[in-house]
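Asker: Using the sequences and the hints, build the whole thing.
Residue strings, one per chain:
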Amino acid sequence: MFRLEHLTKQFSDQFVLEDFSFDILEGEKIIISGRSGIGKTTLFRLLLGFEQPDNGKIYFENELLTAITVWNLRRRVAYVSQDMNIGRGNLQAFFNETLSLKANVEYKNSSLSELEELLNSFELPDTLLQKNIEELSGGEKQRVAIINALLLKRNIFFLDEITSALDKSLKSKVLDYFLLNPAFTVLSISHDNYLPTEAVTRTLKLD
Amino acid sequence: MNGAQDLSIFSMLMCGILLLVPLLGIWYLKLGLAKKLLISTLRMVVQLVLVGFFLEFVFRFNNWLLNSIWFLTMITVAVFSVIKNSGLKLRHFVRPVLLSFVLANFFVVLYFNFFIAKLSFILDAKYMIAIGGMVLGNSLRANIVGLGDFYKSIRKDEQLYFYKLSLGATRFEALRDFAKRSFVSAMNPTIASMATMGIVSLPGMMTGQILGGSVPLVAIKYQIAIMIAILASTVLSISLSIFFTVGKSFDKYGVMQKSVFAEK
Numbered sequence: 000m001f002r003l004e005h006l007t008k009q010f011s012d013q014f015v016l017e018d019f020s021f022d023i024l025e026g027e028k029i030i031i032s033g034r035s036g037i038g039k040t041t042l043f044r045l046l047l048g049f050e051q052p053d054n055g056k057i058y059f060e061n062e063l064l065t066a067i068t069v070w071n072l073r074r075r076v077a078y079v080s081q082d083m084n085i086g087r088g089n090l091q092a093f094f095n096e097t098l099s100l101k102a103n104v105e106y107k108n109s110s111l112s113e114l115e116e117l118l119n120s121f122e123l124p125d126t127l128l129q130k131n132i133e134e135l136s137g138g139e140k141q142r143v144a145i146i147n148a149l150l151l152k153r154n155i156f157f158l159d160e161i162t163s164a165l166d167k168s169l170k171s172k173v174l175d176y177f178l179l180n181p182a183f184t185v186l187s188i189s190h191d192n193y194l195p196t197e198a199v200t201r202t203l204k205l206d
Numbered sequence: 000m001n002g003a004q005d006l007s008i009f010s011m012l013m014c015g016i017l018l019l020v021p022l023l024g025i026w027y028l029k030l031g032l033a034k035k036l037l038i039s040t041l042r043m044v045v046q047l048v049l050v051g052f053f054l055e056f057v058f059r060f061n062n063w064l065l066n067s068i069w070f071l072t073m074i075t076v077a078v079f080s081v082i083k084n085s086g087l088k089l090r091h092f093v094r095p096v097l098l099s100f101v102l103a104n105f106f107v108v109l110y111f112n113f114f115i116a117k118l119s120f121i122l123d124a125k126y127m128i129a130i131g132g133m134v135l136g137n138s139l140r141a142n143i144v145g146l147g148d149f150y151k152s153i154r155k156d157e158q159l160y161f162y163k164l165s166l167g168a169t170r171f172e173a174l175r176d177f178a179k180r181s182f183v184s185a186m187n188p189t190i191a192s193m194a195t196m197g198i199v200s201l202p203g204m205m206t207g208q209i210l211g212g213s214v215p216l217v218a219i220k221y222q223i224a225i226m227i228a229i230l231a232s233t234v235l236s237i238s239l240s241i242f243f244t245v246g247k248s249f250d251k252y253g254v255m256q257k258s259v260f261a262e263k
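Those protein sequence lines, which keep their order, are chains R and W.
Sequential numbering of the first sequence, starting at 0, is according to numbering that gives the first Met the number 0.
Sequential numbering of the second sequence, starting at 0, is according to numbering that gives the first Met the number 0.
Since the hints were derived computationally from the structure, they do not count as laboratory data.
Watch out, some of these pointers could steer you wrong.
To be verified - So the derived list for chain W, only partly shown, Cβ under 7 Å to chain R, looks like this:
id : residue
1  : GLN158
2  : LEU159
3  : PHE161
4  : TYR162
5  : LEU164
6  : SER165
7  : LEU166
8  : GLY167
9  : GLU172
10 : GLY211
11 : LYS251
12 : TYR252
For each residue, glycine too, the CB sits at the ideal point set by N, CA and C.
Answerer: Here is the structure:
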């Protein structure tokens with residue numbers, strides 16, 4: 000599904016990635032680990048075209064990632080960032096806005112009808128929808144970002160430390176949700192020790 | 000209409016004495032602003048004297064080409080000021096913002112002269128330069144806030160912008176909220192001052208017209224018209240400035256170019 004060929008990325012004089020190659024198959028669950036600052040998030044930014052590699056190529060479904068094809072990839076991948084800056088204002092309006100984007104509007108009605116169920120399955124009350132994003136706690140925001148990603152009805156996920164603000168039982172619930180679904184292709188940056196026992200994962204250690 | 004009474008040399012000297020009030024305050028409070036104040040006063044006097052003579056000349060000739068060139072000069076100076084004061088890179092922005100300001104301000108001023116003032120000569124110096132100056136001065140202030148904030152807020156909230164792109168937003172969709180908020184902060188001061196106009200402030204234009212011999216009922220009509228013209232040119236110039244600059248400020252991946260901001 001993804002093929003990374005000889006990627007090199009340097010910031011000032013520090014190599015973040017050097018001649019890095021990796022293949023990701025459909026349905027795989029890749030756990031990306033490594034100490035902080037090693038370039039885990041940079042890898043996602045390269046895949047999403049927010050950074051350009053100094054060298055090397057990225058293929059998505061056998062197509063070279065370019066300034067043109069990257070816009071298609073951004074409609075296919077659901078990204079949950081580590082950064083909690085997801086927007087402002089009323090939460091219901093936030094979900095509506097995501098689903099009003101041209102890329103997602105075809106799922107608007109079906110996704111909105113599943114919203115309450117999704118909130119409940121991640122232990123959030125329906126009343127949260129009336130709150131402003133600014134009022135939410137870190138753990139609530141993190142789950143909101145996860146739900147927002149699920150509403151997109153995509154099956155490729157880039158997850159960047161999405162359980163850092165969650166307690167143990169929610170952590171396992173979230174990871175089970177992503178890692179046990181055979182239809183999902185998942186790249187997950189995580190410092191968690193927990194992995195569902197039934198999950199088939201592959202670890203990519205950056206160092 | 001006799002026009003305002005001329006001020007004699009004696010009057011201007013008395014005005015100079017009034018300057019002693021801020022100077023004494025600065026000295027007493029040890030603000031250390033005396034030199035700056037004197038230089039600014041001197042600059043103001045010299046610039047206004049030069050402009051005074053120049054405008055005498057322009058008004059006497061009242062030639063369409065000369066009037067237009069002078070208005071264009073005013074616009075160009077305003078554009079440089081907008082870009083410099085909003086921390087953006089001059090070379091990157093000067094052409095698109097100039098185009099935006101020329102279109103917005105010429106349109107509003109010519110509309111004003113033709114439909115509102117109903118002039119037979121719509122490039123008339125008095126109207127074009129006076130009305131144009133007021134409209135331009137205000138859209139200058141609004142654009143420093145609007146255009147500057149637009150790009151700065153994207154830099155500050157880059158993660159949020161990328162997040163929207165990752166949700167599948169087009170560049171236009173991802174930028175829409177940033178543009179909206181810049182418009183609000185740019186237009187708020189004008190809208191707020193409209194709400195208190197006449198009670199808290201007697202605007203400069205009305206003051207000028209009343210001293211110039213117009214009756215207040217005429218002066219307020221002009222004031223209403225000019226405030227609306229200011230809002231129109233503000234909205235037009237900010238929209239066009241953003242529209243004309245967005246194309247070259249982002250690469251094909253939708254990432255903002257480093258060349259947008261002036262180096263510190």
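Asker: Compare the structure with each hint and give your call.
Answerer: Hint check results:
1. Hint status for GLN158/W relative to chain R: holds, with the closest Cβ pair at about 4 Å, below 7 Å.
2. Given the 7 Å rule on beta carbons, the hint for LEU159/W holds: about 5 Å separates it from the nearest Cβ of chain R.
3. Below 7 Å, beta-carbon pairs count as interface contacts, and PHE161/W has one with chain R at about 5 Å; its hint therefore holds.
4. About 6 Å separates the beta-carbon of TYR162/W from the nearest beta-carbon of chain R, less than 7 Å, and the hint is met.
5. The interface hint given for LEU164/W holds, since its Cβ lies 6 Å from the closest Cβ of chain R, which is under the 7 Å cut-off.
6. Interface restraint check for SER165/W: the shortest CB-CB distance to chain R comes to about 4 Å, inside 7 Å, so the restraint holds.
7. At about 5 Å, the closest approach between the beta carbon of LEU166/W and any beta carbon in chain R falls short of 7 Å, and the interface hint on this residue holds.
8. Satisfaction of the interface hint for GLY167/W is found here, the shortest Cβ-Cβ separation to chain R being roughly 3 Å, below the 7 Å cut-off.
9. Against a cut-off of 7 Å between C-beta atoms, the interface hint on GLU172/W holds, since the closest Cβ of chain R lies about 5 Å away.
10. Using the Cβ-Cβ criterion of 7 Å, the hint placing GLY211/W at the interface with chain R is not satisfied: the shortest such distance is roughly 48 Å.
11. The beta carbon of LYS251/W comes within 3 Å of a beta carbon in chain R, closer than 7 Å, and the hint placing it at the interface holds.
12. The beta carbon of TYR252/W comes within 4 Å of a beta carbon in chain R, closer than 7 Å, and the hint placing it at the interface holds.
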